[in-house]
Structures are given as C-alpha cells and as structure tokens.
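**Q** Hey, can you work out the whole structure from these sequences and the hints?
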Amino acid sequence: MILLRLLASFFTVGFFSYGGGYAMIPLIEREIVQRQQWLSPKEFLDILAIAEITPGPVAINSATFVGYRVAGVFGAVTATLGVVFPSLLVVGVLSYIYLRFQGAPLVKSAFAAVRPLVVVLIFMAAVNIGSRTIYDVYSAAATAAALFLMLKTRLNPILVLVLFGVLGVVVF
Amino acid sequence: MGKRSTLRAISLFGSFFKVGAFTFGGGIAMLPVIEREIVEQRQWLSTEEFVDVLAIAQSGPGAIAINTAILTGHKLLGLKGVAAATAGVVAPSFLIILSIAALLPQAGQSPILNGFFQGVRPAVVALIAAAAIKLGQKLLVDKFSLALAGGALLISTLLNPHPAVLILLAAGIGLGRYRFYHKAKQDKR
Numbered sequence: 001m002i003l004l005r006l007l008a009s010f011f012t013v014g015f016f017s018y019g020g021g022y023a024m025i026p027l028i029e030r031e032i033v034q035r036q037q038w039l040s041p042k043e044f045l046d047i048l049a050i051a052e053i054t055p056g057p058v059a060i061n062s063a064t065f066v067g068y069r070v071a072g073v074f075g076a077v078t079a080t081l082g083v084v085f086p087s088l089l090v091v092g093v094l095s096y097i098y099l100r101f102q103g104a105p106l107v108k109s110a111f112a113a114v115r116p117l118v119v120v121l122i123f124m125a126a127v128n129i130g131s132r133t134i135y136d137v138y139s140a141a142a143t144a145a146a147l148f149l150m151l152k153t154r155l156n157p158i159l160v161l162v163l164f165g166v167l168g169v170v171v172f
Numbered sequence: 173m174g175k176r177s178t179l180r181a182i183s184l185f186g187s188f189f190k191v192g193a194f195t196f197g198g199g200i201a202m203l204p205v206i207e208r209e210i211v212e213q214r215q216w217l218s219t220e221e222f223v224d225v226l227a228i229a230q231s232g233p234g235a236i237a238i239n240t241a242i243l244t245g246h247k248l249l250g251l252k253g254v255a256a257a258t259a260g261v262v263a264p265s266f267l268i269i270l271s272i273a274a275l276l277p278q279a280g281q282s283p284i285l286n287g288f289f290q291g292v293r294p295a296v297v298a299l300i301a302a303a304a305i306k307l308g309q310k311l312l313v314d315k316f317s318l319a320l321a322g323g324a325l326l327i328s329t330l331l332n333p334h335p336a337v338l339i340l341l342a343a344g345i346g347l348g349r350y351r352f353y354h355k356a357k358q359d360k361r
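Top line first, the protein sequences correspond to chains A and B.
Under my numbering, read the first sequence as residues 1 to 172, first letter to last.
Under my numbering, read the second sequence as residues 173 to 361, first letter to last.
To be clear, the hints were calculated from the coordinates, so they are not data collected in a lab.
Do not rely on the hints blindly, as some may be mistaken.
Derived pair list, reagent style DSS-like, types lysine-lysine, alpha-carbon separation capped at 25 Å [said to hold, decoys possible]:
#1 B:K190 - B:K247
#2 B:K190 - A:K152
#3 B:K175 - A:K108
#4 B:K190 - A:K108
#5 B:K315 - B:K247
#6 B:K355 - A:K42
#7 B:K310 - B:K357
#8 A:K152 - B:K355
#9 A:K42 - B:K252
#10 B:K190 - B:K252
#11 A:K108 - B:K247
Each pair of labels, with its calculated beta carbon distance range [to be verified]:
#12 B:L326 - A:K42: 39 to 45 Å
#13 A:P41 - B:L340: 32 to 38 Å
#14 B:L326 - A:V166: 49 to 55 Å
#15 B:G174 - A:Q36: 43 to 49 Å
#16 A:K108 - B:L318: 45 to 51 Å
#17 B:T329 - A:V166: 45 to 51 Å
We put the beta carbon where it would ideally sit given N, CA and C, even for glycine.
**A** Pasting the structure below:
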C-alpha cells in the first residue's frame with residue numbers, strides 16, 4: 001500500500017515538473033512534505049543539500065532518498081521508477097513522432113528554427129547559474145580558467161569538473 | 173537481437189552511466205558531458221540531431237538528462253536502447269543516494285563534500301557557457317539563425333518564459349517560413 005502511494009506521488013512529481021532540475025523542488029516540497037508528510041521541512045533541506053553535492057538529476061536523488069526513508073530499498077526502487085515513468089511515456093511518444101517525421105521538409109524547417117533558440121537557452125542557463133555561483137574573486141577566476149580550458153584545450157569535461165572539485169576541497 | 177545490438181546496448185548504458193555520474197547541479201549541466209560522449213567520441217548523433225534531441229528533451233516532463241537518454245537510446249536501438257540508456261543515467265544517482273541514505277544520512281554537512289561541490293560550481297558554469305559558444309559557432313551561421321537567436325535572447329531576458337513556450341514559438345516560425353517559401357516557389361511557376 002505504501003509502495004503504491006510512493007509510486008503515485010513520484011509519478012505526479014515527474015509528470016508535472018517541466019524544465020527539470022530546480023523547477024522540481026517546489027513540486028516535491030508540496031507533495032512529499034506538505035501532503036504526504038513523509039519528511040519534515042528540515043529533513044527536506046538535508047535532502048536538497050545531499051542532492052546538490054551528489055551527481056544526477058535532483059528528481060532522482062530526492063525520489064531515491066525519500067523512497068528509502070519511507071519503505072527501505074523497495075521504496076527507493078518504487079519512488080525512482082515513479083519519477084522516471086512520466087518521462088518514459090511522454091518523451092517516448094515524442095521520440096517516436098520525431099524519428100518518424102524527421103525527414104519531412106516541414107519538420108526539418110521547424111527544427112531549423114528551433115536550433116538557434118536552443119543555443120540561446122543553453123547560454124541563458126549559463127548566465128542564470130553563473131549569476132548565483134559567481135560572487136567573489138575566486139569563483140570568477142575559476143569560471144574564467146575553466147572556460148579557457150574548455151574552449152582552448154581538448155580536455156575531457158569530466159576531468160575539468162574533477163579538477164575544480166579537488167581544488168575546492170583544498171581551498172574551502 | 174544480435175551480438176552487435178547487445179554490445180551497443182552495453183556501451184549505451186556505459187556512456188549514460190558516465191553522464192549520470194558527472195552531472196553536478198542538474199538540468200542543462202549534463203550537456204557538455206553528453207556532447208563530448210555522444211556527439212564527439214561515439215558520434216552517435218550529429219550536432220544538429222543533438223540539438224534537436226535537446227529541444228525535445230526540454231519539451232517533455234522530467235529531468236533533461238533522463239529525457240536525453242530516452243531520445244538517444246530510442247534513436248540508436250529502439251526500446252532496448254531506451255532501457256539501456258535510461259538505466260545507465262539513473263543508476264549512479266540511485267546507487268550513491270541509496271548508500272548515503274543507508275550509511276551516512278549526515279552527508280549534507282560533510283566539509284569535504286561541500287568543498288568539492290563549491291569547487292565544482294564555477295566549472296559547471298564554464299562548461300555550460302563553453303557548450304553554448306561551441307554550438308553557436310556551428311549553428312548560428314546565417315542571417316535567419318542569427319536573427320532568431322537575437323530575438324530569443326531578447327525575449328528570454330525581458331520576459332523569461334518557459335523554454336517549452338519558446339520552443340513552440342520557434343517551431344511555429346519555422347513552419348511559417350516553410351509555407352512562405354513553398355508558396356513563393358509555386359507562385360513563380
């Protein structure tokens with residue numbers, strides 16, 4: 001019974017969180033903290049901190065954590081499946097449509113217009129995150145150095161991430 | 173299912189496992205890692221297809237990393253690919269969070285992890301900016317794409333609408349443009 005409720009709750013979270021990442025946080029808060037009361041507000045903040053310092057989408061991190069808290073390993077599996085299901089359904093259908101009509105001139109023309117926009121969206125994401133994370137000389141210098149490495153060398157992005165992470169452990 | 177498709181499913185799982193393991197900060201932050209892995213190294217998608225996939229991924233519900241995995245997996249290997257790529261991208265978070273929840277629920281206060289994350293943040297911003305710059309150099313090459321990008325920049329700075337709204341709007345412009353050219357061609361004949 002509790003597993004079904006976990007599944008339903010995280011299905012809701014997954015289904016209504018458009019835009020991913022931080023857009024999901026208010027939804028998770030309303031469903032898990034306010035409605036189901038599976039977590040106290042303080043525990044919810046702890047989860048967010050853990051989700052921030054671990055890799056992976058926030059939705060998966062919180063689903064796994066809450067699921068485990070509520071019903072152990074089975075709970076973790078159930079909640080994680082619940083939050084992924086809506087993506088599988090909706091994006092699966094979109095993908096089918098895309099592959100089927102990819103070659104049609106009309107669709108090609110639509111995507112040709114969408115591509116420049118996607119570049120802008122990515123750029124805006126960098127600006128938005130940057131406005132929160134660049135606040136002193138160190139963060140500004142580190143951002144500039146990482147940008148230089150990414151544009152002027154062939155270093156793997158994973159290596160750049162780990163490099164600056166280790167630097168952070170030393171500095172902070 | 174032949175041996176080759178099984179091998180491909182395994183490498184899909186492996187590639188998206190890497191993506192899941194090194195996505196710090198969520199959302200669009202996974203993009204440079206996916207781009208390097210899927211477009212540059214494996215060459216599973218062309219730059220254009222990759223950007224199309226991103227547009228669709230942002231139009232669906234849920235995490236962008238997961239949606240990208242679903243789309244890439246589907247394109248390469250059908251349903252089997254969807255399963256392999258999705259499992260790959262979810263597995264690292266699931267395993268890490270499960271161990272933290274079971275073993276050290278106080279990890280949110282760990283100074284080492286906090287230092288690591290604080291250090292990673294500026295690099296994440298730089299990675300995303302670099303991805304935008306590189307894609308821009310490849311894709312913003314004519315008047316039409318530059319004008320669209322300029323318009324999109326203006327609208328998102330002033331109004332900050334949801335990405336899905338902008339994507340639909342741009343698709344509409346693309347469709348309108350097609351009809352316009354098509355009609356112009358017919359009129360000439």
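**Q** A separate judgement is required for each hint: does it hold in the structure or not?
**A** Status of the hints after comparison with the structure:
no.: 1; hint: B:K190 - B:K247; result: 19 Å, holds
no.: 2; hint: B:K190 - A:K152; result: 23 Å, holds
no.: 3; hint: B:K175 - A:K108; result: 34 Å, violated
no.: 4; hint: B:K190 - A:K108; result: 31 Å, violated
no.: 5; hint: B:K315 - B:K247; result: 31 Å, violated
no.: 6; hint: B:K355 - A:K42; result: 61 Å, violated
no.: 7; hint: B:K310 - B:K357; result: 29 Å, violated
no.: 8; hint: A:K152 - B:K355; result: 45 Å, violated
no.: 9; hint: A:K42 - B:K252; result: 41 Å, violated
no.: 10; hint: B:K190 - B:K252; result: 19 Å, holds
no.: 11; hint: A:K108 - B:K247; result: 17 Å, holds
no.: 12; hint: B:L326 - A:K42: 39 to 45 Å; result: 42 Å, holds
no.: 13; hint: A:P41 - B:L340: 32 to 38 Å; result: 36 Å, holds
no.: 14; hint: B:L326 - A:V166: 49 to 55 Å; result: 40 Å, violated
no.: 15; hint: B:G174 - A:Q36: 43 to 49 Å; result: 46 Å, holds
no.: 16; hint: A:K108 - B:L318: 45 to 51 Å; result: 19 Å, violated
no.: 17; hint: B:T329 - A:V166: 45 to 51 Å; result: 35 Å, violated
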